[in-house]
Amino acid sequence: MDWMNQAALSAQKSDAVFFYVFGLSVAFLIFITALMIYFVVRYSKKRHPVAEQIEGHLGLELLWTSIPLVLFLTIFYYGWTNYEYMRQAPRDAMAVKVTARQWSWSFEYPNGKKSKVLFAPINKPMKMEVHSADVVHGFFIPSFRLKIDAVPARTNTTWFQATKLGSYDIECTVICGVDHSLMLSKVIVVPEDEFKAWYFGGEDAPEPGKALRAAEAHPDLKDLPPGLAVLTSKGCLACHSVDGKPKVGPTLKALYGRQEEVLVAGAMRQVTVDEAYLRRAITNPMEQVVRGYPPAMPQTPMTEQELSEVVRYIKTLN
Amino acid sequence: MTTHAATAQPQPSYLVDTGSRKGLMAWLTTTDHKRIGVLYLYSMIAFFLVGMGIGFVMRLVQLTSFQHLITAQTYNALFTVHGVIMIFLFVIPGLPAIFGNFFLPILIGAKDVAFPRLNLASWYFFMAGAILAVLSLFTGGGAPDTGWSFYAPFSLKTGTNVSLAVFAAFILGFSSMLTGINFITTIHRLRAPGMKWFRMPLMCWALYSTSWIQLLATPIVAITLVLVILERFFGIGIFDPAKGGDPLLYQHLFWIYSHPAVYIMILPAMGAITEIIPTFAKRTIFGYGAIAFSSMAIAGVGSLVWAHHMFTSGMSSVANMVFSLLTMIVAVPSAIKVFNWVATLYKGSIDFQPPLLFALTFIFLFAIGGLTGVMQGALAINVHIHDTYFIVGHFHYVMFGGTGMGLFAALLYWFPKMFGKMYSKKAIYASWFPMFIGFNMLYFGMLILGMMGMPRRYYVHLPQFHTMHVVATVGSWFLVLGLLMFFGALLYALFKGGKAEDNPWGGVTLEWTIPSPPPLENFETIPTITHGPYHFEQESK
Amino acid sequence: MSEHVHRDDFGARLGMWLFLVTEIVLFGGLFIGYSYMRYKYPIEFHHGGMELNATLGVINTLVLLTSSLTVVLAIVAIQRAEKKRAMAFLGTTLGLGLTFLVIKSFEWAAKFHHGLYPNAPHLATLPPGEQVFFGLYFTMTGLHGLHVIAGLSVLGVMLWWVATDRIRQDRYVHLENGGLYWHLVDVIWIFLLPLFYLAA
Amino acid sequence: MSETIHSTEAHAEHPGYGTFIKVWVALLILTGALVGVSHLGQTYAVWGLLTLTPLKAGLVFYFFMHLKYEGPLLKIVVLVTLGTLLIFFALLFSDVAFH
Ligand code: HEA
Ligand code: HEA
Ligand code: CUA
Ligand SMILES: [Cu+2]
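Sequences listed follow chains A, B, C and D, in order.
Per our numbering, the first sequence starts with residue 1, numbered consecutively.
Per our numbering, the second sequence starts with residue 1, numbered consecutively.
Per our numbering, the third sequence starts with residue 1, numbered consecutively.
Per our numbering, the fourth sequence starts with residue 1, numbered consecutively.
Don't take every hint at face value.
[Said to hold, decoys possible] Here are the computed lysine-lysine pairs in the BS3-like style, where the Cα-Cα straight-line distance is at most 30 Å: (1) B:K157 - C:K111; (2) C:K111 - A:K97; (3) A:K196 - A:K315.
[What the hints assert, rightly or not] FRET-style restraints, in silico, Cβ to Cβ: (4) B:V470 - A:M286: 30 to 40 Å; (5) C:G142 - B:V57: 49 to 59 Å; (6) B:L63 - D:H99: 36 to 46 Å.
In short, the hints are calculated from the structure, not lab data.
For every residue, glycine included, the Cβ atom is placed at its ideal position computed from N, Cα and C.
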């Protein structure tokens, strides 16, 4: 399953403790429940008409105070030591500045390079210096079992060492406003040489891990209609479906020609979706916002050719 | 002690108006602790249903196709309001205000609480707070959207009506403190002759320790909320990083109260369970001293663990260690209680009735809630599951499965005494099944979602979480069904139910020695107590 | 249940003390916040303290301490059934309480005049720690001021009750409770003085 | 009710005017000392704050607020409250002091 994906050392540390506590918990839960059921049946009024008045038993009392205490202390200790490991970044870790703001993430590397998704070379320690430009956010990578809050006027740090190539979700975990749930990004774990090529390459060095990201949405873009390929590679499908399922944004199915209420500069307006509207909606999403949806769509740069492919493709969805 | 002092002309029950005022006015101006308890009962059930309705809608939103009906802004308002209602209007005041008010004086052999007028005032504060909370939804910049924890600086910046909501919580805190003062004084001053401390029913110990937390922790949140209001209106800058303030200070102050508050919620429920189990096992409680002591221990140590809500906030690593350690220690007294309850069933003569079923359900669900709590307290796990649905699952298990079920059990146990009517046991059993199944589908689903990495307070979720969300939502439908059946059965009993006996369960604490419903003055003559509370000897011989 | 007029003076005092517990913790929260911030900004707090008028702070301390004294003396007087004296003492307390408020208001006015109040444009130019200092200063002295006003109202009622013999030698727990409240207000000020005025 | 019987027993003997006036004088002296000490320098000021202020508060609690003349219960109530605050304080500083 995806969620058991242990993609970093920290994930192994966290899961180890989890399985320890989980095992104990299941054992105790079963024990208590079984005992309750057994007593209720065995000492029911019918089977056991006269109750015995037992006021207590000091030995038992001590036993079930000390056993849980000891177990809890082991849980604490295990949890704490593994956590300390997760917290102390090694000296040679590459420090990345993570900036959270309503509602996006940005990453800045030691040499000044910036990106919207986090690129990480595999098997190399990366230190995150997390801070926020406005309110409190939470920086969370589930596959790494890693989380640290982004707090304004304060820098919090954490680190990881990814162990598996791939692309993993970054989510914001502290409520930070309307689009809290859209404050997503990715960490893309790439081979070290690929990372270096980008990192030391000039301004326009291609971003690493392209293949990984596209593969995520669909195995082979070449098999897709060109419009859909664009939608896939630009990440539109994170928010729009092409089959009528509502997601963050409206579905693109049967969109063309539809009557719609949109908010233009604060006023509600009735429009018919035509080609001009679609182009505007994509190139300048904040200008008109569909009623009932958050103004959440990011502006995505597209070439004229890509744009017309997308529009043509949307038309075919009717 | 099944026979109560039968007298020539029984006193009228507290439900009969005897004063100059009649009907609603008589209720709204009453200083009788029993009537005040009933006032709380009705108002709280109403808020509970509203809160639950919102919970239900949130589940629908996670079915994705319902997102047309509700915007992200509304969703944020929904969970905030759901949290505020459930916490401040339902689980915190729940058991103490309803059953504490109604039964504390009776259990210790008193005629009323120490300050009856203050008691009524508390109810008015409660209602005022509740009304303000509701008003905050429709006035100002719209319903607050910060979550019930009102984290600064977002709560300082958002345009929504945080100030009013926070002020409402302040008033509710006031109500809660006044009730605490009343209960402590009552227990110290009004115990019947011979009612020594260690002869009190354990419910009283639970209420006593709860009241102390109310006194020692609530003022902190009161001042914190005042600071939020001042900050919003005057910009005093204590929490606002732009002015040198510190958001972490807010979090500390908020949780200094709000963690102990979770023990305010659970202790009285534990107390009620401790009353129910001996009555149906027909035997004395196992380890009276241990249970009484653990209540006080939970209250004491429980005040010292607040920062386990802040493990990922960037606190110092020393603080992380200290608070994780203390969190583990506070789990011990809860464990002691669980084992003592189970041991009380041993060699009893168990009369299986609806209250017992709900009490055992409480133990089961609370154990799951507690055990997940321990997972959260372990640092290495917490960094993964903090602020995910795992937390949401945990606290619904403890608050709904624990306090909520505890309240239902208490209601089933004391309903015949309070209203003199008996409900249909079959209907209650029937409602249990959908409730239990739905509950676990819903909230266990949330635990799994959390492990998968689904953050809480999310309007939309990533596709990999969808399946579990559907499971949870379907669970919520079963749960609704069960709850509607449950409340339906009780409502029916209230109007059409058969008359209840004075002591339908064969209980031996003082409330079972007086008529159902109790007379205005509770006791003809104040009883003199000669032995501990769970004295079943005469019965079983 | 008015037919059962039973009196439990100790119970009443216990109730009052429990209420005071909540007040102590309420201010305790603020004091905790203060120490947190002072630890974070030691220098700024030092500078902030220099802006305050220590003389006025000390005078106000003396005023409140004396007003506290007159309240206990009023209780002694009541215990000895010296009604006139009790009223005189209480009157003095009220007078001193008002004096405190007047001095306080001069002090606040001066701060406003110098642009040292929250959200003031001038304050915004100061270092963050000093902004916090003044935020705390206004919050804590303001809240204390509200308590002074509440205490004065309560003591005003007490004076009236003494005058109308609702409070008398064999029945004065209300006066004691009112006094307890007033002393607490005094204690809080005892702490505010060194925290703000003598911080420089 | 039986409880009312022991209602006023705590007030066996009442202290007179003199006691309180003495306490008041002591409070004034302590205030003077506090002010004096705070002029000596930062460390002295802090120590003065930490010792003299609680002493003053203690006098008010003990005499003016009659704790001296009350039974153990109210004393315990006050101590529990102050103890709780102290622990809150200490635990909070386990964060602040180790940054
Ligand atoms: C009724 C309310 C209630 C109760 C009783 C509890 C009880 C406990 N809670 Fe919970 N908690 C909440 C309500 C409650 N909680 C709420 C509302 C939140 C979220 C707030 C928010 O963010 O919105 C929360 C969040 C929360 C967190 C923060 C999570 C996070 O945000 O990162 C933590 C972390 O430590 C925690 C821990 C615990 C622990 C250790 C207990 C313990 O007291 C539990 C003790 C009980 C048991 C342990 C079970 C019985 C014992 C046995 C069966 C014995 C055998 C067991 C073993 C030997 C393992 N809780
Ligand atoms: C005692 C406390 C309590 C209880 C009982 C519940 C009950 C429920 N809660 Fe709870 N919940 C909280 C306390 C509680 N909640 C808190 C404190 C939060 C955190 C808020 C925050 O993040 O700030 C939270 C958050 C929370 C979330 C997380 C939101 C998010 O993070 O995105 C969800 C999601 O599904 C949820 C769902 C539910 C559901 C489905 C129920 C179900 O149990 C409800 C089932 C019952 C019904 C559906 C009612 C049946 C009755 C009717 C339908 C009749 C209605 C009639 C009238 C109104 C007249 N709750
Ligand atoms: Cu950023 Cu939530
Ligand atoms: Cu907690």
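Can you give the numbers of the hints that this structure goes against, from lowest to highest? 2, 3, 5
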